[in-house]
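A.B. asks: My numbering puts the first residue of the sequence shown at 1, with every later residue one more than the last.
FYI, nobody ran anything at the bench for these hints, they're computed from the structure. Heads up, the beta-carbon is just placed ideally off N, CA and C, and yes, glycines get one too. Warning: the hint list may mix true and false statements.
Claimed, not checked - Taking CB as the label site, the calculated pair distances span:
no., residue 1, residue 2, range
1, PRO37, GLU7, 42 to 48 Å
2, VAL10, GLU46, 32 to 38 Å
3, LEU20, ASP42, 20 to 26 Å
4, LEU14, ALA53, 23 to 29 Å
5, ARG55, PHE9, 30 to 36 Å
6, LYS59, PRO37, 28 to 34 Å
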Amino acid sequence: MQSDLDEQFVQSRLEQCFELHEVGRELALTGLRMRFPEASADELWEKLREQLARRRRGKWGIN
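Using the sequences and the hints, build the whole thing.
C.D. replies: Structure (structure tokens):
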């Protein structure tokens with residue numbers, strides 16, 4: 001089965017996906033800045049990594 005994809009449509013959806021990713025990342029970092037106003041940028045990224053790792057473990061039961 002072959003289907004033709006409209007290249008412009010695919011490109012616009014990919015761009016939208018990447019834009020939403022950026023918005024989500026900025027929202028997460030903004031929330032962390034509010035909770036930890038004295039933290040450096042590196043510390044905020046580390047906290048974000050830890051938070052995401054906890055969520056992944058909880059979602060998929062990974063120990």
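A.B. asks: In ascending order, which of the hints set out earlier in this document are inconsistent with the structure?
C.D. replies: none
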